[in-house]
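Enquirer: Listed below are the residues making up each chain.
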Amino acid sequence: MSPNYVAKRLVMIVYTLFIVSLIVFAITQILPADAAVMMLGENATQDALAALRENMGLNAPVWQQYAIWLGHVLQGDLGTSLRTGQPVGPVMFEALGRSLLLAFLSIGLMLVLAIPLGIIAAVRRGKIADMVVSLISYAGVALPEFVTATVAVLVFADLMKWLPPTGYVPLTENFASGIAHLVLPVCVISVILIAHVSRMVRSELVDVLHTDYIRAARLKGISRGQVLRRHALRNALLPTITIVALDVGYLLGGVIVVEEIFAIPGIGRQLIVAIQARDLPAIQAGVLIMAATYSIVNFIADILYAWLDKRIQYD
Amino acid sequence: MLEMKRRFFLAGTAAVFAAPALGLAQTAKPAKGGTLRISVDQAASVIHPLLTRVNPEYLVTELLYSNLTRLKVDMSVEPDLAESWKPNDGLTEWTFKLRKGVTFHDGSPFTAKDVVATFKAILDPATASPGRNNVGPISDIVAVDDTTVLFKLSGAYADLPVAMAYTNARIIPASIATGDLKSLSTKAVGTGPFKLVSYEPDRLIVVERNPNYYDPARPYLDRIEVQVFPDISAEGSAMIAGNVDIISTLQPTEYLRLDGNAGVEVLRTPSGQFCNINFGCDTAPFNDARVRRAIALTVDREAMVNFVTEGFGTPGNDTPLNPSYQFFKAAKQRQKNIAEAKKLLAEAGFPNGLQATLIASDRPAVRTQLAVALKEMAKEAGITINVQTMPHATYLEQVWKKGSFYVGFYNMQPTPDGIFKLLYTSDASWNETRWNNKAFDALVAEARGTIDAAKRTELYTKAQELMNEEVPSIIPSFFDVLSAKRSWVSGYQAHPRASVFRLDYASLTDKAPKRG
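So the sequence lines, in the order shown, correspond to chains A and B.
The numbering used here numbers the first residue of the first sequence as 1 and each following residue consecutively.
The numbering used here numbers the first residue of the second sequence as 1001 and each following residue consecutively.
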């Protein structure tokens, strides 16, 4: 992997973010609502609305608004929330932090469980163990989060009273309580990830186990376990990295439902609130931050991929 | 007599639904201390007291600031920062005597100058306060001395003391009102029973007892945490688990889920909150009162109570007043009458029925429910209604105040004058029906210049009769205000106005969990 490739990829990320910013800006212009009306509520006077529009620069031509906004973003200023009057950047990054915490814990749990499950299913293909794993993973993929989340809250919080049902407590504020509050949401998200990834691992491994080089290795008299560890897993797990990287995208956007049900103020929920309130700076900042995170995670995945498989040549 | 009936109505229902709470509050002296958690179902995005717009924001600013007066649960007014008040004979000038020795959270003394500066800021269009049209017809405010304020009005207004309790009429220091007013978006300098500790709009707002509050007995609690729950079933779970002590507003489904859980008490009080179907009275075919009345005659009110409020409500009679309001006298209840509706439609030139598109925003969902119910009921009279739903933001931009047939939703106002002047007089700030009836305007104007209760009741009754006849909007039912609390909370009641909370009267019994 050449430094040239890394540089190229970084330029691509910047270019992507630029396109994203253009699209977001265009879309927020089309949204059928007046930000000034949304801010001042249903009781705003005409003069107050006019003053506010002037103040927010809503009267300037769109391209000019975009240029000003982009200029500020490049200087690290993501704007001020129309809704709360506070700077958008810190709020969104804090929310992103919560979402990423949730995402990494879920991915951690998933890796611990999904890979062994996938291996068991592949090795014992067609046996009871395989059927059980497949059944679980089909169910996991089929059940939407709002069902698993609601059932989890009902069973483990309302009925058993083992865990706090909802809410978010920062780990810095109260570590034990913070972790307790994260258990259910992390489990709910992991169910889907585990289902997803264990199926992936299983099918990749089954393919690999049927290749000639594995057969050759077996014929050489290498033990079954060694073949699995040395030859099969390495190749079967490579595509898993891509899947995990893609799942980070899902975790940032798709767990909105989980964040909503468990009242976790992550970036997905912040974005929903921003869209409902037509809080343009918050929408723009939120989408940009999510796009950037997604790009960076995929960038890391690609680098990791190349590093693990030296045959892959990038230029 | 009427006043008594109304009081009885409120006190009676409150007693039925909140009997255990009341019993406790009256017998035991409230215990001091403790942390109370109250949950709200949407973010308190704005803590600037002059700019708040939704109930969670009103809750937070009520804790941090004081008004001149405040509303009791029976909707009568009591002193807050003002100790007493009296009008001149024409009700055009009101003198308020202020409490002495009160200080703001920053230690500066509270005087008449702060009241003057606050109201000037509210009335300044540049502030864009939603309270601008709701604090009374104030033309000038004068600080007579440090503890006396004179309000000069542009017309007679008997309800000024009630208007002073309005959700946006919180008193702020003159130095901020005339200086950096925007700074109140992130900090709070009030005279309220609590001080701001931390503020995360979408998650948690924490306040602690103001040791210098003017009433040494109140508040009883050390600390209040306002938690935001975007998902109502999560909110209910937190209540069942005992993580939340009060749910400020409850939906009927959650009310039924919580009812009967050990340690949870559900609270319910009738209110003047309603969903209405607005006619653009300046647009055909709704510019003909016969058409409007015909549609109103297709409505089965009892069915509406069951369907739209899920049984947690009372039937309406196409006027915005009900027994929760002062000066209310019940008129003859409009009943469903399809034959009469058809006859009226024929007279108005629609012998073969009518087609119309009814627009409902998606928030709250009950708007759509109401629209669909009307569609089904109106069918019988040959009226075909197409229901169109849209996102709330789009509705506000394109339909609200502009449309000719759409569903509205309103909190109870503090007074009859408040709701009439908000929605139905020609100069109403949200004149969404464009009804513009001079006779009605005159009745409301006369009532606001009258202090005699019997006379006011008579005038408001006439105004309602006129509305009932002309039907600028159909008001099929009123909602009860629902909330819930853990039984270890005492002194808390659901308030008919929904936007009033009075948590400085709440306390925790020794059964409440100790929270750090």
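Hints listed in this document are in silico derivations from the structure and should not be mistaken for laboratory results.
Backbone N, C-alpha and C define an ideal beta-carbon position, used for all residues, glycine too.
There may be inaccurate statements among the hints.
To list a few chain B residues with every Cβ distance to chain A over 10 angstroms, as calculated [said to hold, decoys possible]:
id, residue
1, Val1046
2, Val1102
3, Gly1353
Ranges between beta-carbon positions, derived for each pair [to be verified]:
id, chain 1, residue 1, chain 2, residue 2, range
4, B, Gly1179, A, Val62, 55 to 61 angstroms
5, B, Thr1178, A, Val11, 51 to 57 angstroms
6, B, Thr1178, A, Pro90, 28 to 34 angstroms
7, B, Pro1364, A, Ile19, 56 to 62 angstroms
8, B, Gln1042, A, Leu70, 58 to 64 angstroms
Enquirer: At the C-beta level, are Gly1179 (chain B) and Val62 (chain A) separated by a distance inside 55 to 61 angstroms?
Expert: violated, 35 angstroms
Enquirer: Using the beta carbons of Thr1178 (chain B) and Val11 (chain A), state whether their distance is inside 51 to 57 angstroms or not.
Expert: holds, 53 angstroms
Enquirer: Does the Cβ distance between Pro1364 (chain B) and Ile19 (chain A) fall inside 56 to 62 angstroms?
Expert: violated, 38 angstroms
Enquirer: Using the C-beta atoms of Gln1042 (chain B) and Leu70 (chain A), is the stated range 58 to 64 angstroms upheld?
Expert: violated, 32 angstroms
Enquirer: Would the least Cβ to Cβ distance between Val1102 (chain B) and chain A come out above 10 angstroms?
Expert: At roughly 28 angstroms from the nearest Cβ of chain A, Val1102 (chain B) sits farther out than 10 angstroms, so the non-interface label holds.
Enquirer: Within 28 to 34 angstroms: is that where the Cβ-Cβ distance between Thr1178 (chain B) and Pro90 (chain A) falls?
Expert: Given range 28 to 34 angstroms: holds, Cβ gap about 30 angstroms.
Enquirer: Taking 10 angstroms as the cut and beta carbons as the points, is Gly1353 (chain B) off the interface with chain A?
Expert: Correct as stated: the minimum Cβ-Cβ distance to chain A is 32 angstroms, above 10 angstroms.
Enquirer: The output says Val1046 (chain B) does not contact chain A. Does that hold with a beta carbon cutoff of 10 angstroms?
Expert: violated, 7 angstroms
Against the hints set out earlier in the document, violations occur for numbers 1, 4, 7, 8.
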